[in-house]
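**Q** Each chain is listed here by its residues.
There are 2 protein chains.
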Amino acid sequence: MSTFSCSLAKSRPRMVLFLTLWCSVTLSMMVGWSEAKARHLKWDVEYMYWSPDCEERVVMGINGQFPGPTIRAHVGDIIHVDLTNKLGTEGVVIHWHGIRQLGTPWADGTASISQCPINPGQTFTYRFVVDKAGTYFYHGHYGMQRSAGLYGSLIVDVPEGEHEPFHYDGEFNLLFSDWWHQSVHEQEVGLHSKPLRWIGEPQTLLMNGRGQYNCSLLPNFGNSSSTQCKFKGNEQCAPQVLRVLPNKTYRLRLASTTALASLNIAIGKHKMIVVEADGNYVQPFAVEDLDIYSGESYSVVIKTDQNPNQNYWISVGVRGRQPKTPPALTILNYKKIPSSKLPSISPPITPAWNDYNHSKSFTKSIFSLMGSPTPPASYDRRLLFLNTQNRIDGYIKWSINNVSFVFPPTPYLGSVKFGLKNVFDQSSPPEDFPASYDIMSPPANPNSNTGNGVYKIDYNTTVDIILQNANALAANTSEIHPWHLHGHDFWVLGYGEGKFTKGDEANFNLKNPPLRNTVVIFPYGWTALRFVADNPGAWPFHCHIEPHLHMGMGVVLSLAVDKVKGIPTDALACGHTADMFLKKKYLP
Amino acid sequence: MSTFSCSLAKSRPRMVLFLTLWCSVTLSMMVGWSEAKARHLKWDVEYMYWSPDCEERVVMGINGQFPGPTIRAHVGDIIHVDLTNKLGTEGVVIHWHGIRQLGTPWADGTASISQCPINPGQTFTYRFVVDKAGTYFYHGHYGMQRSAGLYGSLIVDVPEGEHEPFHYDGEFNLLFSDWWHQSVHEQEVGLHSKPLRWIGEPQTLLMNGRGQYNCSLLPNFGNSSSTQCKFKGNEQCAPQVLRVLPNKTYRLRLASTTALASLNIAIGKHKMIVVEADGNYVQPFAVEDLDIYSGESYSVVIKTDQNPNQNYWISVGVRGRQPKTPPALTILNYKKIPSSKLPSISPPITPAWNDYNHSKSFTKSIFSLMGSPTPPASYDRRLLFLNTQNRIDGYIKWSINNVSFVFPPTPYLGSVKFGLKNVFDQSSPPEDFPASYDIMSPPANPNSNTGNGVYKIDYNTTVDIILQNANALAANTSEIHPWHLHGHDFWVLGYGEGKFTKGDEANFNLKNPPLRNTVVIFPYGWTALRFVADNPGAWPFHCHIEPHLHMGMGVVLSLAVDKVKGIPTDALACGHTADMFLKKKYLP
Chain Z
1 MSTFSCSLAK SRPRMVLFLT LWCSVTLSMM VGWSEAKARH LKWDVEYMYW SPDCEERVVM
61 GINGQFPGPT IRAHVGDIIH VDLTNKLGTE GVVIHWHGIR QLGTPWADGT ASISQCPINP
121 GQTFTYRFVV DKAGTYFYHG HYGMQRSAGL YGSLIVDVPE GEHEPFHYDG EFNLLFSDWW
181 HQSVHEQEVG LHSKPLRWIG EPQTLLMNGR GQYNCSLLPN FGNSSSTQCK FKGNEQCAPQ
241 VLRVLPNKTY RLRLASTTAL ASLNIAIGKH KMIVVEADGN YVQPFAVEDL DIYSGESYSV
301 VIKTDQNPNQ NYWISVGVRG RQPKTPPALT ILNYKKIPSS KLPSISPPIT PAWNDYNHSK
361 SFTKSIFSLM GSPTPPASYD RRLLFLNTQN RIDGYIKWSI NNVSFVFPPT PYLGSVKFGL
421 KNVFDQSSPP EDFPASYDIM SPPANPNSNT GNGVYKIDYN TTVDIILQNA NALAANTSEI
481 HPWHLHGHDF WVLGYGEGKF TKGDEANFNL KNPPLRNTVV IFPYGWTALR FVADNPGAWP
541 FHCHIEPHLH MGMGVVLSLA VDKVKGIPTD ALACGHTADM FLKKKYLP
Chain V
1001 MSTFSCSLAK SRPRMVLFLT LWCSVTLSMM VGWSEAKARH LKWDVEYMYW SPDCEERVVM
1061 GINGQFPGPT IRAHVGDIIH VDLTNKLGTE GVVIHWHGIR QLGTPWADGT ASISQCPINP
1121 GQTFTYRFVV DKAGTYFYHG HYGMQRSAGL YGSLIVDVPE GEHEPFHYDG EFNLLFSDWW
1181 HQSVHEQEVG LHSKPLRWIG EPQTLLMNGR GQYNCSLLPN FGNSSSTQCK FKGNEQCAPQ
1241 VLRVLPNKTY RLRLASTTAL ASLNIAIGKH KMIVVEADGN YVQPFAVEDL DIYSGESYSV
1301 VIKTDQNPNQ NYWISVGVRG RQPKTPPALT ILNYKKIPSS KLPSISPPIT PAWNDYNHSK
1361 SFTKSIFSLM GSPTPPASYD RRLLFLNTQN RIDGYIKWSI NNVSFVFPPT PYLGSVKFGL
1421 KNVFDQSSPP EDFPASYDIM SPPANPNSNT GNGVYKIDYN TTVDIILQNA NALAANTSEI
1481 HPWHLHGHDF WVLGYGEGKF TKGDEANFNL KNPPLRNTVV IFPYGWTALR FVADNPGAWP
1541 FHCHIEPHLH MGMGVVLSLA VDKVKGIPTD ALACGHTADM FLKKKYLP
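Residue numbers (this note's numbering), protein chains in the order written: chain Z, 1 to 588; chain V, 1001 to 1588.
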């Protein structure tokens, strides 16, 4: 367990000095166990009519709310969620994104992997410890239920009486998502159709489930014919205004659960100091705007040191894909003046969608806070994952090393634990790809195969994964993919252009690589990450773009499942594990 | 086992003489067991894009077809359907409507009652004998999946070498349904919303899954601005033309799996002789038009004795609710001339929607074919079921004796068999309603309760059910409800106006009441039926209007479940029966 003493004093030049330093705190285990509380929540998941962007549609909500209720807990607390499925005919699960589920892999909330879907009318209890302070969120992990609106925030505070390694007077929590007017049921059918019916760009970007489709907060937005929104304030699509006092410091917790969109946030006239990424402290650095990919979270601090007689736009726009969606907007309101007063300065302009240098500059500026755990100096095993866009029987898919992942109906946690042979492919999927593969061109042979074999990982070994991007099916096209690992944080050792080569290792950052659970690969580039496989379970590692996962862009790691104890049997009461429990095929 | 000898010679005056008589056939057991075949079917249920009424939507199909494949079998055949759920997140079941499932109540395909929903990716095998010739169909019985398009025809022929009790040269099969442009997922949310969002009238009526929404087969249909349809013939919404030869006799098999609409069919210039209802032979009688309610099936025979140089419209329109849906049309085409030649005579006009006398006249003309089984002379138990429209917490529901049915997640077949106490209401629901209840007015106290207790029926007893209609919540409104019983046919003893009284028994038809599985109650009226409870199982009896069942309009009969043997355990691997099988709550 490493400690860090007044480490912020060594921070990088762009760091702003109003940060209050906080010293001598153990970073990796700030668990005030004596204070730990059990937090019991009873949630009903159901569809309901809602107007996230002022157009009424059906959303998946929790206890009548969209987004779902925010969970707020302290490090060490035990979260119990009795989740009742009130949907008509659909199963449901919830994944607690960023929570590593140390010792509770059955509570990870991944259908087909950690558990069976919870059937309509039934209740499943998620029980897990939140062991690390940070900004997290939760979301559906079955079909495209995340896209349907099944998400909410999960905030873990340091133990009572302890402090974060930075000061702030108040905080705001912004969960970003994207929203389509077409139902996810239709989207899903389109993704499995021949020819593919792609979901297209979202109609609206949402902040805390609120956006504006048929009106704009801006009186004259671009060339849009949208009229200005008229809000009384209690509309479901009215923006949440951030009301601040002058000359204070505020923490903004930012998280993205978008189905597709990579985002960029900026606040007029206010720099942001990045202090946390995915529940891990980072070496603070200042930015004018911040990229956030689906699956990521950040904390930034801002100082309200601007003219308090003005309001300021907060703007969130699309990066990485040619945007057809207007930016999401809200107001940073200095409380002295009414929030209805329009800012005198235009909203910040989102950087050009394909200005990847801007994106890379931001991403490569993220380092762990001094004193954070550092990676082992070497790896025991390296997996090279080439992602390609492919065709299977004329259907368009995404594949890893030419295998497009399909979910089996029996959860891996059970089928691996009990050694069931007929549930998933028993051969291990490829560990790398042909050295001759031309990543700069569309695949010479675009045909791929489906599969659902697992990468069996040895306990307590150090694993490197090199994510290798490539050209998609269309010429001159390579997309951004944010990859998310369950059950572990990983160190991001480096990013590079073109094909990864042995020589690239020399440039790995082993000194202060950031710990994260989600990392992006840039077009035609690679990303290297390392983790210590110390948390037994069945863990997916996948592109966090919902339709990409649906089209096969993911793998499953099977890690010392024999060491997993105490799986609730109702987590496995489906498929071949159910057959095993039942023993008899017919009742007498 | 009763026989009937040349019974058609005694048929009613309107009977047409071209019927070929068929004598000395046993009616209730025409099972050529020696010829019995096992028919193995492999079905995948999935959503797909389709244009049932020329507008593209998502439908639930089977093996890429909508409607699903027609099953055609002979009496005594064993049907095996390996049903694989290829939906994304929804469970599925299929009910074989009209098949009594003698000895196989676990194959009845009712979620929450006979089995657990089949989860995505899993396969369940339905195995049952078709023991009685007739016109049947199958459909989803979970949520509103029937409305989504999960249905198809099931035709059972007499054993090879045997003959129906009427002659025909050819046959056609017409399965009617109604179709909405709003998805069933949205419809379902609307039905559970406060205030209620009623699904409204269907956009289109379909025959064998084909209708026309944005065009009409009629060049000048009413005041509609629809243009005439231009079909090459291979469109998914092109009508199926009935091609006939002159001076032949054809059997038309008619079945209705509508979600809502009561229908009426007529064929220009061609009388129909009704010969079968719900898989039971009836005393033949001729009609100009025929009412068919959801859940019913008929066979009629027609003679193609009209001018063979003309084509004739077949028209299907809405009864019983103020129609906002144009009639479904197709062509009876005398093969000598092209089917594209428009009939010179306008389509038959559907009787006025509220001409209930016309409806009653038809319904009361149905009698069993002479020689059919007759009911026991008396009953052992009588249940009076008052149906009312109610409010529960401001939600609008339908109730039976003031109980609005809600489906429990654990199937009754398991929970009753194993005596599980915590699955459904252990007290029996009311057997009747207060004698003072005023059926002619909106309910004085519209509040109701939800419940899911069962009516426990003793084995081999004779049960009478009096269905009593009443005024709905709105003044001067009483609706038609077709009630469908699973597991048994029943005799329809009579219909009456107003409230059923003891004296009405005297008019019961015990001589030749028709055997059916579905029967209608008319507005402000009652219907009396009788059955012998000889088929152990858990059997729903419910309004076959899909949203009405969804709003609570049904009951469950529990009948000698202890005698049920051989239930496949995977039918019960959910809810509390799964818990029971699992035994342990946590794995070591």
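Just to be clear, a hint being listed does not mean it is correct.
Below, a list of computed lysine-lysine pairs in the PhoX-like style, where the Cα atoms sit at most 25 Å apart [claimed, not checked]:
id, chain 1, residue 1, chain 2, residue 2
1, Z, 360, Z, 502
2, V, 1421, Z, 421
3, Z, 37, V, 1341
4, V, 1421, V, 1230
5, Z, 585, V, 1086
6, Z, 585, V, 1341
7, V, 1341, V, 1269
8, Z, 585, V, 1335
9, Z, 194, V, 1584
10, Z, 86, V, 1271
11, V, 1248, V, 1341
12, Z, 86, V, 1194
13, V, 1269, Z, 584
14, V, 1364, Z, 585
15, V, 1248, Z, 421
16, Z, 583, V, 1583
17, Z, 583, V, 1232
18, Z, 194, V, 1271
19, Z, 417, V, 1511
20, Z, 584, V, 1271
21, V, 1042, Z, 421
22, V, 1336, Z, 42
23, V, 1303, V, 1230
24, V, 1230, V, 1271
25, Z, 583, V, 1194
26, V, 1583, Z, 563
27, Z, 565, V, 1584
28, Z, 194, Z, 364
29, Z, 232, V, 1584
30, V, 1230, V, 1248
31, V, 1248, Z, 584
32, V, 1230, Z, 585
33, Z, 417, V, 1583
34, Z, 86, V, 1335
35, Z, 86, V, 1336
36, Z, 585, V, 1563
These are calculated hints, taken from the structure and not from any lab test.
**Q** It remains to establish, for every hint, whether it holds in the given structure.
**A** Against the structure, the hints:
As the CA atoms of residue 360 of chain Z and residue 502 of chain Z are separated by approximately 22 Å, the hinted pair is consistent with the 25 Å bound. Only pairs whose Cα atoms come within 25 Å are accepted, and residue 1421 of chain V paired with residue 421 of chain Z is rejected, the gap being roughly 37 Å. Pair hint residue 37 of chain Z plus residue 1341 of chain V does not hold up; C-alpha atoms about 79 Å apart against a cutoff of 25 Å. For the proposed pair residue 1421 of chain V and residue 1230 of chain V, the alpha carbon gap of about 60 Å is over 25 Å, so the pair is violated.
The suggested pairing of residue 585 of chain Z with residue 1086 of chain V holds, with an alpha-carbon distance near 23 Å, which does not exceed 25 Å. In summary, the hint linking residue 585 of chain Z to residue 1341 of chain V is not supported, as the alpha carbons are separated by about 58 Å, beyond the 25 Å threshold. The suggested pairing of residue 1341 of chain V with residue 1269 of chain V holds, with an alpha-carbon distance near 16 Å, which does not exceed 25 Å. About 54 Å separates the Cα atoms of residue 585 of chain Z and residue 1335 of chain V, which puts this hinted pair outside 25 Å; it is violated.
At most 25 Å may separate the alpha-carbon atoms for a hinted pair to count; residue 194 of chain Z and residue 1584 of chain V exceed this at roughly 45 Å. For a cut-off of 25 Å, the pair hint linking residue 86 of chain Z to residue 1271 of chain V is broken: about 50 Å separates their Cα positions. Taking the CA atoms of residue 1248 of chain V and residue 1341 of chain V, the gap is about 21 Å. The hint holds against a cut of 25 Å. For the hint pairing residue 86 of chain Z with residue 1194 of chain V, the CA-to-CA distance comes to about 16 Å; that is within 25 Å, so the pair holds.
Pair hint residue 1269 of chain V plus residue 584 of chain Z does not hold up; C-alpha atoms about 60 Å apart against a cutoff of 25 Å. Using a Cα cut-off of 25 Å, the hinted pair residue 1364 of chain V and residue 585 of chain Z is violated, with the two alpha carbons roughly 47 Å apart. Restraint check for residue 1248 of chain V and residue 421 of chain Z: not satisfied, since their Cα atoms lie roughly 60 Å apart, outside the 25 Å limit. Restraint check for residue 583 of chain Z and residue 1583 of chain V: the C-alpha separation of about 12 Å stays at or below 25 Å, so the hint holds.
A C-alpha spacing of about 55 Å is found between residue 583 of chain Z and residue 1232 of chain V, which places the hinted pair above 25 Å, so the restraint is violated. For the hint linking residue 194 of chain Z to residue 1271 of chain V, the alpha-carbon distance of about 46 Å lies beyond 25 Å, and the restraint is violated. Of the supplied pair hints, the one linking residue 417 of chain Z and residue 1511 of chain V is violated, its CA atoms being roughly 65 Å apart against a limit of 25 Å. For the proposed pair residue 584 of chain Z and residue 1271 of chain V, the alpha carbon gap of about 56 Å is over 25 Å, so the pair is violated.
Taking the CA atoms of residue 1042 of chain V and residue 421 of chain Z, the gap is near 23 Å; set against the 25 Å cutoff, the hint holds. Note on residue 1336 of chain V and residue 42 of chain Z: the hinted pairing is violated, with a Cα-Cα distance of about 70 Å set against a maximum of 25 Å. Between residue 1303 of chain V and residue 1230 of chain V, the direct Cα distance comes to roughly 30 Å. Violation of the 25 Å bound is thereby established for this hinted pair. Taken as a hint, the residue 1230 of chain V and residue 1271 of chain V pair is broken in the structure, with Cα atoms around 30 Å apart against an allowance of 25 Å.
At most 25 Å may separate the alpha-carbon atoms for a hinted pair to count; residue 583 of chain Z and residue 1194 of chain V exceed this at roughly 45 Å. For a cut-off of 25 Å, the pair hint linking residue 1583 of chain V to residue 563 of chain Z stands: about 22 Å separates their Cα positions. This hinted pair checks out: residue 565 of chain Z and residue 1584 of chain V have alpha carbons roughly 13 Å apart, not beyond 25 Å. Of the supplied pair hints, the one linking residue 194 of chain Z and residue 364 of chain Z is violated, its CA atoms being roughly 39 Å apart against a limit of 25 Å.
Under the criterion of a C-alpha separation no larger than 25 Å, the hint pairing residue 232 of chain Z with residue 1584 of chain V is inconsistent with the structure, at around 54 Å. Between residue 1230 of chain V and residue 1248 of chain V the alpha-carbon distance is near 30 Å, which puts this suggested pair outside the 25 Å criterion. Pair hint residue 1248 of chain V plus residue 584 of chain Z does not hold up; C-alpha atoms about 55 Å apart against a cutoff of 25 Å. For the suggested pair residue 1230 of chain V and residue 585 of chain Z, the alpha carbons sit about 54 Å apart, so the restraint of at most 25 Å is broken.
Proximity of residue 417 of chain Z to residue 1583 of chain V is assessed by CA-CA distance (about 18 Å); at most 25 Å being required, the pair is judged to hold. This hinted pair does not check out: residue 86 of chain Z and residue 1335 of chain V have alpha carbons roughly 54 Å apart, beyond 25 Å. The hinted pair formed by residue 86 of chain Z and residue 1336 of chain V fails the criterion: a straight-line CA distance of about 58 Å is larger than 25 Å. Using a Cα cut-off of 25 Å, the hinted pair residue 585 of chain Z and residue 1563 of chain V holds, with the two alpha carbons roughly 18 Å apart.
Checked against the numbered hints given earlier, this structure breaks hints 2, 3, 4, 6, 8, 9, 10, 13, 14, 15, 17, 18, 19, 20, 22, 23, 24, 25, 28, 29, 30, 31, 32, 34 and 35; the rest are met.
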